[in-house]
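K.L.:
Combine both chains into one complex, guided by the hints.
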Amino acid sequence: MVPMPQDPATYAATATPPRVARKIKGLSDRAIAWIFVGPTIFLLLAINIFPLIWTIRLSFTNFKANRNREVEWIGTRNYERILTDSDIWLNMQATAHFLFWTIFFQVLIGFTLAYLINKKFKGNDLWTTIIVLPMMLSPAVVGNFWKFLYQPQIGLFNYIVAFFTGKDPSSFEMLGSVQLAPWSIVIVDTWMWTPFVMLICLAGLRSIPDYIYEAAEVDRASKLRQFFTITIPMVLPFLMLAVLFRGIENFKMFDLVVQLTGGGPGSTTELTSINLKREAFEKWRTGYASAYAIILFVTVFGLASIYVKALNKVKER
Amino acid sequence: MKTFKLASVSALSLVAASMASTAQADDLTLCWAAWDPANALVELSKEFEAQSGHNMSFEFIPWPNFADRMLNELNSGGKLCDLLIGDSQWIGGGAENGHYVKLNDFFDAEGISMSDFADATVYAYSTWPKGTPNYYALPAMGDANGWFYRKDWFGREDIQAAYKEATGQDLREPQSQKEMLQIAQFFQGREIDGQTVYGASIFTERGSEGITMGVTSALYPWGFKYENTPGSYDMDGAVNSAEAVEALEFYKEFYETATPPGYTNSYMGESLDAFKSGQVAMAMNWFAFFPGLYADPNTGGDKIDFFVNPPQNQAGSTLGGQGISVVAYSDKQDAALEYIKWFANPDVQAKWWSLGGYSAHNSVLNDPGFKDSAPFAGDFLEAMGGVQDFWQEPAYAELLLAMQKRLHDYIVADQGTAQEALDKLVEDWTEVFEDEGKL
Numbered sequence: 003m004v005p006m007p008q009d010p011a012t013y014a015a016t017a018t019p020p021r022v023a024r025k026i027k028g029l030s031d032r033a034i035a036w037i038f039v040g041p042t043i044f045l046l047l048a049i050n051i052f053p054l055i056w057t058i059r060l061s062f063t064n065f066k067a068n069r070n071r072e073v074e075w076i077g078t079r080n081y082e083r084i085l086t087d088s089d090i091w092l093n094m095q096a097t098a099h100f101l102f103w104t105i106f107f108q109v110l111i112g113f114t115l116a117y118l119i120n121k122k123f124k125g126n127d128l129w130t131t132i133i134v135l136p137m138m139l140s141p142a143v144v145g146n147f148w149k150f151l152y153q154p155q156i157g158l159f160n161y162i163v164a165f166f167t168g169k170d171p172s173s174f175e176m177l178g179s180v181q182l183a184p185w186s187i188v189i190v191d192t193w194m195w196t197p198f199v200m201l202i203c204l205a206g207l208r209s210i211p212d213y214i215y216e217a218a219e220v221d222r223a224s225k226l227r228q229f230f231t232i233t234i235p236m237v238l239p240f241l242m243l244a245v246l247f248r249g250i251e252n253f254k255m256f257d258l259v260v261q262l263t264g265g266g267p268g269s270t271t272e273l274t275s276i277n278l279k280r281e282a283f284e285k286w287r288t289g290y291a292s293a294y295a296i297i298l299f300v301t302v303f304g305l306a307s308i309y310v311k312a313l314n315k316v317k318e319r
Numbered sequence: 355m356k357t358f359k360l361a362s363v364s365a366l367s368l369v370a371a372s373m374a375s376t377a378q379a380d381d382l383t384l385c386w387a388a389w390d391p392a393n394a395l396v397e398l399s400k401e402f403e404a405q406s407g408h409n410m411s412f413e414f415i416p417w418p419n420f421a422d423r424m425l426n427e428l429n430s431g432g433k434l435c436d437l438l439i440g441d442s443q444w445i446g447g448g449a450e451n452g453h454y455v456k457l458n459d460f461f462d463a464e465g466i467s468m469s470d471f472a473d474a475t476v477y478a479y480s481t482w483p484k485g486t487p488n489y490y491a492l493p494a495m496g497d498a499n500g501w502f503y504r505k506d507w508f509g510r511e512d513i514q515a516a517y518k519e520a521t522g523q524d525l526r527e528p529q530s531q532k533e534m535l536q537i538a539q540f541f542q543g544r545e546i547d548g549q550t551v552y553g554a555s556i557f558t559e560r561g562s563e564g565i566t567m568g569v570t571s572a573l574y575p576w577g578f579k580y581e582n583t584p585g586s587y588d589m590d591g592a593v594n595s596a597e598a599v600e601a602l603e604f605y606k607e608f609y610e611t612a613t614p615p616g617y618t619n620s621y622m623g624e625s626l627d628a629f630k631s632g633q634v635a636m637a638m639n640w641f642a643f644f645p646g647l648y649a650d651p652n653t654g655g656d657k658i659d660f661f662v663n664p665p666q667n668q669a670g671s672t673l674g675g676q677g678i679s680v681v682a683y684s685d686k687q688d689a690a691l692e693y694i695k696w697f698a699n700p701d702v703q704a705k706w707w708s709l710g711g712y713s714a715h716n717s718v719l720n721d722p723g724f725k726d727s728a729p730f731a732g733d734f735l736e737a738m739g740g741v742q743d744f745w746q747e748p749a750y751a752e753l754l755l756a757m758q759k760r761l762h763d764y765i766v767a768d769q770g771t772a773q774e775a776l777d778k779l780v781e782d783w784t785e786v787f788e789d790e791g792k793l
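Taken in sequence, the protein lines are chains G and Y.
Per our numbering, residue 3 is the first one in the first sequence, and the count goes up by one each step.
Per our numbering, residue 355 is the first one in the second sequence, and the count goes up by one each step.
Chain Y extracted, bound-state conformation (with noise of 0.2 Å):
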């Protein structure tokens, strides 16, 4: 009898057990990339937690080995990530490959409306196959590839004096690539306050993807594509264009004669440190950085100011941001889903704005102070509605890594000609459509 007796206080306790765990709150893994927003995220995550009682915790993995590292994870079904702050060319991968929810039916019944975000995001971080109503993401983080500068230094009388007669023209925020290439040559080994200066800490990095978001940023604005009719592959005239050739001789121009010595690799992180440290008079890098930027006490303030990438033959910015998205492989899928129904939010989305993430909703960037609300906003409006995204095909990594070697190769180190690089990169893709069978 008392072996029963133990034996059913064991078992209740075990029922007992296992019905308070699935009344227990879930502990979420959000991963993504280790940088200023995510910090903001955690910020703004803690209203989540405090709603829904479910636990965040959060994976954050440096830039460079940010696709490494988690497309490694989705491809081995890897459990790390509930939910995934994914780069927006993965969004093909993804979907494809089965790493991500579809989301169009939870969208549905919960009334979340695409419609309600900027379009380009929704374009970019959420559909696929492209622009079809197939959805694998919210659109996260609004970014593209911008620029700053030091104001105080365009603003000095003397410098504007020299610039005026080295030039004839007056020092103020470039208008095109090349007026910016111009002021870039200018400051180029100028000495200001005694310490010499170089124009501008462009993107060179050769191992994940800085080189091609470098040079994208010139290719665009010459009326660079992908290809001549879209959806069919046919690269060849688009990809290696007489545009295209002139705006790789621009970038190699620009690398050789304004930025700093031995800026041989340098992407995000190299881009921040010379232009903090003082070294540059300008730099490229994304938008998610600028609230940082114009917080840093030292080059920050009013001695910085910010602009869209200039237009040349055209607008045309780098895109970056991501879409967030449900990892297939979670087991707490629903707990992941009910984080997207709360960023979805149009009050979670102003706050994410204020808190120092780009929000990509209509309500936030549409509001009549959203311009005025940073330094920043403004050109950040203007780069999302000019902005291109390199090829988001499932097999983009291979991609990707064929243009991170011809733009290296050619720019870099210095090999072969800008038509050279461009047809042997038109080479690499077909091969790879080839293997994709869509060539």
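The following block holds chain G by itself, in its conformation from the complex (with noise of 0.2 Å):
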């Protein structure tokens, strides 16, 4: 009868061919740890760290990608000239708007769309996939697609607002009109992303047990007691979750709002993102856009880090 090992691991490295058990076992634990690790924290520095110090240095020169010359070290000149342009913070305040309204409509519809979709009717998964599917759309195509709806003289969407409002559909323009245009972008990612929402938000519900929705109509608390006590509480950590990654994902928002607006009329859908590209591949002006990019990159992080924080708060609770 073979004699029973101490553990599975002993076990194992007793199985280890001879050679190569001879081999490792010259080596302490930590070194295999390392050699697991190595190559992720290898890859990690080369396609992450590596790049965002050289970003950081080259934020401090007038370096140009496309240009044979001398490249000068101009201290913080590049972050001056971003901090104090009034364009760029036009670019930031058309960046704040867009988040904060899509945030708060995908919230908004999201949440409303889950609590009903969590109640149990016919058809309840055929109007789940329905929801779903504008999310499952490229940007590019859902930005064409939209395009041709707001189309003062031929789109569906003018002729809508016409029939509700009895205006002349070519009366007004949602890409051209100043006024209309941020909102135009507003209303896309809306319809693009609160399925998203949604989800996050429908996982929330169903995670929450049933026993504590009876032990409340045990205690006789109202719909409304109920909701406000144990449902919101409960999908709030979900909730955060979803806003964060909104957050982040619009923060970054470029696809979209180039195949509707290209930034315009003039500069007012112009977001950050946009803005960057253009400074950092269109003109060329790398050190400058190397600049840009450090500044959002701490305000993303600043932001999400506070939120974060919040948000583990939250899910204490």
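Derived from the structure by calculation, the hints contain no laboratory data.
Please note: incorrect hints may appear among the correct ones.
Okay, derived cross-link-like pairs now, PhoX-like style, lysine-lysine, Cα gap no bigger than 25 Å in a straight line [claimed, not checked]: (1) G:K149 <-> Y:K725; (2) Y:K606 <-> G:K149; (3) G:K254 <-> G:K311.
Which chain G residues stay away from chain Y? Per the calculated CB distances, all over 10 Å, these [said to hold, decoys possible]: (4) A35; (5) W36; (6) L54; (7) R69; (8) G77; (9) P136; (10) P211; (11) E216; (12) V260; (13) V310.
DEER-style ranges, computed between Cβ atoms [what the hints assert, rightly or not]: (14) Y:K456 <-> G:K279: 29 to 39 Å; (15) G:L139 <-> Y:D473: 48 to 58 Å; (16) G:K279 <-> Y:E607: 31 to 41 Å; (17) G:I55 <-> Y:D473: 48 to 58 Å; (18) G:L85 <-> Y:K456: 15 to 25 Å; (19) G:L158 <-> Y:E607: 42 to 52 Å; (20) Y:K456 <-> G:W56: 50 to 60 Å; (21) Y:E607 <-> G:A67: 34 to 44 Å; (22) G:L139 <-> Y:T550: 32 to 42 Å; (23) G:A142 <-> Y:L793: 32 to 42 Å; (24) G:A142 <-> Y:D506: 32 to 42 Å; (25) Y:L793 <-> G:L238: 51 to 61 Å.
Ideal Cβ placement from N, Cα and C applies to all residues, glycine included.
P.N.:
Written as structure tokens, this is what we have:
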């Protein structure tokens, strides 16, 4: 009878061929751990940390990637220029407007839809599938598609608005008007990404055990009270997660808005990501664009860190 | 012994193969924008393939992405293109950044003389620094921004009478910018054959170069100058002069009162669509499209006519067009130069014009029959006599994008005044030239 080894690890070690075992025996646990973790750390350094450090370095220079000229160290001049440029602050405002209203509407509508879908009714699954369809489309397709819908002469959107308001469909331009263009991109992003928020909320709603509601019923809590004291607090971490995802995603929004308005009219919908792309890859002001990217990175990183701390606190409650 | 034989045969095969490859034809790739003349060039180049034995491949990029794609290609030292028909404004960057091969020695060796080509095109498409005899391209495609209109509508008696009643003048091809606006305003919202039509389609595109090309078509006739003294980069008082302000206000009025609704981001394609769909009475676009427009079965033929960008204080048209350059990163420069030598041939240039390309060769342009060879040929000659181009500096992209922003902010987004827009443009351009070390 083969004697039983002390534990599976010892058994595995004894099962290792003698030459390999001898080699491994020479290595400490720490060394073996490094062998496994090393490639990942190397990749992380190569594709994340090094470019970040290099970008920080470039941000203090006048480097232009398309020019064969000597690179000069210009200190914080790029940062000063960016932070004192009123046009860039307008881009920041446009981004903040887009971010706030898309998240607001997506959370509001997404949660409402999730709440309705969570009620069992006939055709529940079919409706869920239909609602989720927009987020399965490519942003480029959605952008082009909505561009046609917003067309003042033939666009369906204008005709629907005209039907309800009695206005002439050609009398307003969703994409060409300074007042309406920021809302036109909010509408499209909300149409596309509300299903995503809905799915997360639905997961949150379905994670609430029935017995909590049953206990509340026994205590004769009204539906409204159940909603505010059970549903909302228990879904809140999920909602906050959805807000975090959408916030990060929309802060770097590019494709959809480029397809719809190209940043126009004028610079009304020129979000920071669009402006950054123009500086970096159309004007080729690499040093300046690096400083711009660092400022945006610090902003997103700072806001996200604060938000994640708040999210953890909510979870701990 | 057997091994030795095998090795010998293999070595011999390798040598033979390498010798064969040196004698073999090259595969040349020519890069350009995707538009009508590019198709004509494909047809034309078949003759070169037959003569030289080289194979021609083509990489045609849609206009809105053309600059982005090609400049990225050049900046990264890419080998995609052996020959590039690049925009005139790229010549400074192409020369200074070493993207284009300098062609002087080649021209001398092959007896290609730049005096055989129209002066304006040599200046605009080939030389850097401007006006010096340093050639980085051969003029390939002459072009300028022009206009076309619905000749059939202009010729209708009821419309002529209505115009006379409204303005007290005869309806005709516009003789000035202001008359053109007046005509466009007359057509705006008018019912013709049961359809609402609009005045004109003009360029308002924000992303690449559209609105700048459109607005300069108004600025130049008003006498716009980039610098007070050429080469000084002294722009204050020139770029934002009273004439420039007036021209910019004119273009904004044109946009607001005489264009179809929703044309907030329109360029070549939108202009063509508006005209071909019978929406507008007039439209601006590059001469390069005129052969295709004339051939259009619905709105071409006797329904269309063409005119040069009308003067105001002076004649002036926005320059389009390109020169053909050999890319410095190409491994097949000899074959690429062979193509240029072939292309410079007067017979090839004549065929180029007949196929729909705009030759800049004097033998074609000065031919007595040229003016009557197409309904737009005379206008083309006239336009090329008064063309002005945008900056051709290595930093042209920065200069262009700054202008795109300031113009679109003022004209389409209705922000600020024309004076403020041009003052800000001077500030932007000054900053660019300071960064460049030229100020």
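K.L.:
Hint by hint, which ones does the structure fall short of?
P.N.:
Failing hints, ascending: 1, 7, 12, 18, 19 and 20.
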